[in-house]
Amino acid sequence: MTRPSSIIAFCVLGLVSSLILTAWLTPGGLELCVTLVKENKPVLVLPLKPGERFTIHYYHSVENAPIWEEHSMDETGKIYIEEERYEKFGAGMGKMPGVGRMVKRGIYEVIEDMHMPVGDFILRVGSPGVDHTIIWRDRRYNLSDTIAHKAVKFSGKPVSMLYQIWRSLRVSETKLSS
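Residue numbers (our numbering): 1056 to 1233.
Just so you know, these hints were derived from the structure itself, not from any lab. Quick reminder that beta carbons are idealized off the backbone N, C-alpha and C, glycines included. Worth double-checking, as some hints may not be accurate.
As the list claims (entries may be wrong) - Cut-off 20 Å, straight-line C-alpha distance, at most; resulting in silico cross-link-like pairs (SDA-like, lysine to any residue):
| no. | residue 1 | residue 2 |
| --- | --- | --- |
| 1 | K1104 | D1129 |
| 2 | K1212 | E1137 |
| 3 | K1093 | K1208 |
| 4 | K1133 | T1110 |
| 5 | K1205 | S1182 |
| 6 | K1205 | V1092 |
| 7 | K1093 | I1190 |
| 8 | K1159 | D1175 |
| 9 | K1133 | I1190 |
| 10 | K1133 | G1084 |
| 11 | K1093 | R1179 |
| 12 | K1208 | K1159 |
Claimed, not checked - Restraint-style ranges between C-beta atoms, simulated for each label pair:
| no. | residue 1 | residue 2 | range |
| --- | --- | --- | --- |
| 13 | A1120 | R1195 | 37 to 47 Å |
| 14 | G1106 | I1162 | 40 to 50 Å |
| 15 | F1176 | S1215 | 19 to 29 Å |
| 16 | S1061 | I1177 | 31 to 41 Å |
| 17 | K1143 | R1179 | 41 to 51 Å |
| 18 | G1184 | K1093 | 18 to 28 Å |
| 19 | K1208 | N1119 | 32 to 42 Å |
| 20 | D1168 | R1194 | 33 to 43 Å |
| 21 | P1152 | T1201 | 36 to 46 Å |
| 22 | E1107 | P1059 | 45 to 55 Å |
| 23 | P1213 | I1062 | 36 to 46 Å |
Please model the complete structure; the sequences and the hints are all you need to start from.
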């Protein structure tokens, strides 16, 4: 190569390297990962923004009443429960002293403004009929239809912009698989 073309190639390589390094170091959001506990295999991976909510919806196994639990993540990936909504108190449901406030929304009892840290947690997925379903950005993922009776771990983590770009090129979100 001639001297000017070497300088141009070096500058282009430096620019590309700088862009990749910047994308790697720049925060790109969060990732919610739902993983089978025994197999340590992800069944659902969703991108989230700090404070963005996702909901776990199911039917109480004793009362057969619908329940919604809204969760969010902070910028470090820590999971919080933000709100619980249900028709009536059932086994294990109800107000926790000092956490959130009870309100009535139509026929539902709601504990809102909870913002209680739960961190990573494990859920034993119920049978079809219990319909443990994750609701995220108006999409529904019914865990009970595909992995009933299995334990799954919900965990969150921050990801870099480069990872987020790479992931979005691979798939928009990992779909449930049996």
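Hint by hint, here is what the structure shows:
Of the supplied pair hints, the one linking K1104 and D1129 holds, its CA atoms being roughly 8 Å apart against a limit of 20 Å. A hinted pair counts as satisfied when its Cα atoms are at most 20 Å apart, and K1212 with E1137 qualifies at roughly 18 Å. Distance hint between K1093 and K1208 is fulfilled; the C-alpha atoms sit about 10 Å from each other, no more than 20 Å. The suggested pairing of K1133 with T1110 holds, with an alpha-carbon distance near 15 Å, which does not exceed 20 Å.
The hinted pair formed by K1205 and S1182 meets the criterion: a straight-line CA distance of about 10 Å does not exceed 20 Å. A C-alpha spacing of about 8 Å is found between K1205 and V1092, which places the hinted pair at or below 20 Å, so the restraint holds. About 24 Å separates the Cα atoms of K1093 and I1190, which puts this hinted pair outside 20 Å; it is violated. A hinted pair counts as satisfied when its Cα atoms are at most 20 Å apart, and K1159 with D1175 does not qualify at roughly 29 Å.
Taking the CA atoms of K1133 and I1190, the gap is about 19 Å. The hint holds against a cut of 20 Å. The straight-line distance between the Cα atoms of K1133 and G1084 is roughly 13 Å, inside the 20 Å bound, and the hint therefore holds. For the hint pairing K1093 with R1179, the CA-to-CA distance comes to about 12 Å; that is within 20 Å, so the pair holds. Simply put, K1208 and K1159 have alpha-carbon atoms about 31 Å apart, too far for the 20 Å limit, and the pair is violated.
The hint said 37 to 47 Å for the Cβ distance between A1120 and R1195, and at roughly 19 Å that hint is violated. Our hint of 40 to 50 Å for G1106 and I1162 is violated, since their Cβ atoms are close to 28 Å apart. Range check, F1176 to S1215: Cβ separation about 25 Å, and the 19 to 29 Å hint holds. Taking 31 to 41 Å as the suggested C-beta distance range, the pair S1061 and I1177 does not conform, at roughly 57 Å.
Distance hint check for K1143 and R1179: the Cβ-Cβ separation is about 23 Å, which falls outside the suggested range of 41 to 51 Å. Checked against the hint of 18 to 28 Å, the pair G1184 and K1093 passes, with Cβ atoms roughly 23 Å apart. Restraint check, K1208 to N1119: a C-beta distance of roughly 27 Å breaks the suggested window 32 to 42 Å. Our hint of 33 to 43 Å for D1168 and R1194 is violated, since their Cβ atoms are close to 26 Å apart.
Take P1152 and T1201: their Cβ atoms lie about 37 Å apart, and the range 36 to 46 Å holds. For the pair E1107 and P1059, the beta carbons lie near 49 Å from each other, so the given range of 45 to 55 Å is met. One distance hint, 36 to 46 Å for the beta-carbon pair P1213 and I1062, holds here, with the actual separation near 38 Å.
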